[in-house]
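Student: When you get a sec, could you build the whole thing from the sequences and use the hints?
Protein chains: 2
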Amino acid sequence: MREVFQQELQEVQDRLVEIASLVATSIERATTAFNDSNVTVAETVIADDSTIDELAASLDELAITILARQAPVARDLRIVVSALRISASLERMGDIASHIAQLARYRFPDKVVPQTLRETFARMGQLDVEIAHRLVDLLETEDVQIAEEIRNEDDKVDELHVSVFDAVLAETWAGEASATVDATLASRYHERFADHAVSIAKKVQYLATGNWVPAEA
Amino acid sequence: MREVFQQELQEVQDRLVEIASLVATSIERATTAFNDSNVTVAETVIADDSTIDELAASLDELAITILARQAPVARDLRIVVSALRISASLERMGDIASHIAQLARYRFPDKVVPQTLRETFARMGQLDVEIAHRLVDLLETEDVQIAEEIRNEDDKVDELHVSVFDAVLAETWAGEASATVDATLASRYHERFADHAVSIAKKVQYLATGNWVPAEA
Numbered sequence: 000m001r002e003v004f005q006q007e008l009q010e011v012q013d014r015l016v017e018i019a020s021l022v023a024t025s026i027e028r029a030t031t032a033f034n035d036s037n038v039t040v041a042e043t044v045i046a047d048d049s050t051i052d053e054l055a056a057s058l059d060e061l062a063i064t065i066l067a068r069q070a071p072v073a074r075d076l077r078i079v080v081s082a083l084r085i086s087a088s089l090e091r092m093g094d095i096a097s098h099i100a101q102l103a104r105y106r107f108p109d110k111v112v113p114q115t116l117r118e119t120f121a122r123m124g125q126l127d128v129e130i131a132h133r134l135v136d137l138l139e140t141e142d143v144q145i146a147e148e149i150r151n152e153d154d155k156v157d158e159l160h161v162s163v164f165d166a167v168l169a170e171t172w173a174g175e176a177s178a179t180v181d182a183t184l185a186s187r188y189h190e191r192f193a194d195h196a197v198s199i200a201k202k203v204q205y206l207a208t209g210n211w212v213p214a215e216a
Numbered sequence: 000m001r002e003v004f005q006q007e008l009q010e011v012q013d014r015l016v017e018i019a020s021l022v023a024t025s026i027e028r029a030t031t032a033f034n035d036s037n038v039t040v041a042e043t044v045i046a047d048d049s050t051i052d053e054l055a056a057s058l059d060e061l062a063i064t065i066l067a068r069q070a071p072v073a074r075d076l077r078i079v080v081s082a083l084r085i086s087a088s089l090e091r092m093g094d095i096a097s098h099i100a101q102l103a104r105y106r107f108p109d110k111v112v113p114q115t116l117r118e119t120f121a122r123m124g125q126l127d128v129e130i131a132h133r134l135v136d137l138l139e140t141e142d143v144q145i146a147e148e149i150r151n152e153d154d155k156v157d158e159l160h161v162s163v164f165d166a167v168l169a170e171t172w173a174g175e176a177s178a179t180v181d182a183t184l185a186s187r188y189h190e191r192f193a194d195h196a197v198s199i200a201k202k203v204q205y206l207a208t209g210n211w212v213p214a215e216a
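Protein chains in written order, with numbering that gives the first Met the number 0: chain Z, 0 to 216; chain P, 0 to 216.
What the hints contain is simulated information worked out from the structure, not anything from laboratory work. This structure is a prediction, so every number in the text was calculated from the model and none was measured. No residue lacks a Cβ here, since even glycine has one placed at the ideal position from N, Cα and C. Possibly wrong hints are sitting among the right ones.
To be verified - Here's a subset of chain Z near chain P, in silico, CB distances under 10 Å, partners left out:
1) R1
2) L61
3) I63
4) A70
5) P71
6) G174
7) D181
To be verified - Anything over 10 Å on all C-beta distances counts as not near chain Z; from chain P, calculated:
8) R1
9) E7
10) T50
11) Q114
12) E118
13) T119
14) I145
15) E148
16) Q204
Tutor: See the structure below:
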């Protein structure tokens with residue numbers, strides 16, 4: 000029974016890694032679509048979001064089946080509950096990648112943000128992509144050092160998020176209202192994407208260290 | 000054992016109702032703060048958010064304890080897992096109420112949105128408040144009719160959300176960049192608040208009808 004349970008936990012972990020990998024691909028493509036106004040790539044991201052949703056739902060079913068059949072307690076129970084929460088965050092990160100791609104598609108053939116902010120968004124996108132790849136590594140290895148790195152990169156995303164508002168609210172800002180709306184939404188999406196990664200990193204950190212972190216903290 | 004379990008499930012439900020009531024109070028106050036530029040009320044909302052966070056974390060602990068001690072299966076198991084998800088959504092709704100209050104505090108003594116959009120935001124705020132109160136009723140009564148009403152009101156919020164973008168992107172829009180940023184963020188917050196309520200309503204609907212709804216759907 001114990002061996003079956005360990006296999007099932009491994010299956011949960013493998014599936015989390017699989018979903019995280021798809022999320023990493025999606026944010027990578029969304030960033031390309033956003034920076035290069037590539038509507039074909041944008042559409043791939045939007046289409047792939049339903050795959051992420053289905054895999055997350057299917058992982059949730061597996062976790063519930065494990066709870067029902069194995070009735071885990073203590074740390075094992077918290078691993079399964081954490082998996083449910085991690086899958087919800089990954090699903091949400093997929094949604095956000097899709098929102099970023101939608102902005103690119105909506106403005107096509109124009110670029111989403113004016114020249115003056117393009118470098119900032121390129122950097123934010125790059126950070127989100129790095130964070131997503133680190134998340135895959137973290138879920139695979141449970142190396143808490145990676146959780147720290149994700150937190151540091153999230154701080155950088157937050158700084159860029161603030162700098163976007165500074166730019167938009169500066170007297171020198173010459174963007175039209177549509178550019179202001181797009182920059183506001185895009186910046187918020189990039190920031191939330193990184194937030195979800197930090198939320199997942201905290202949960203993995205708990206599993207490695209035993210310090211339980213409440214939902215969404 | 001069964002009786003203890005029923006009492007524990009009742010406790011879970013009572014706590015969800017309690018948290019939802021606090022969220023309803025917060026969105027009500029956030030709406031007042033936002034419409035009337037009332038910085039004192041805004042600060043109450045921001046301060047109360049940590050209470051909501053703590054109650055949600057404490058409910059999660061109760062749910063995990065129930066899973067460990069009672070090892071529920073079938074519908075009972077799904078009730079407890081749903082409670083974990085509902086608490087995460089309520090916690091997030093509290094965050095959003097706090098974000099709306101923060102916008103009010105940040106712009107004080109100015110109002111957050113220009114005159115032309117004030118009526119639209121008053122209506123959006125009113126709908127979010129109604130939705131939050133219906134959510135309390137739904138969690139108390141599990142009357143699926145209320146879930147439908149929440150869905151209808153969410154549709155109205157979505158329409159207003161679109162109308163905010165139409166207004167901001169119209170040639171007649173005379174708002175400065177700061178007004179555009181605030182309207183964009185405020186509209187997005189109001190829309191997400193209602194989305195979370197719909198997500199909870201779907202889970203309660205499942206518990207009443209047996210149709211399982213995946214996470215975040």
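Student: Need the list of violated hint numbers for this structure, in ascending order.
Tutor: 1, 2
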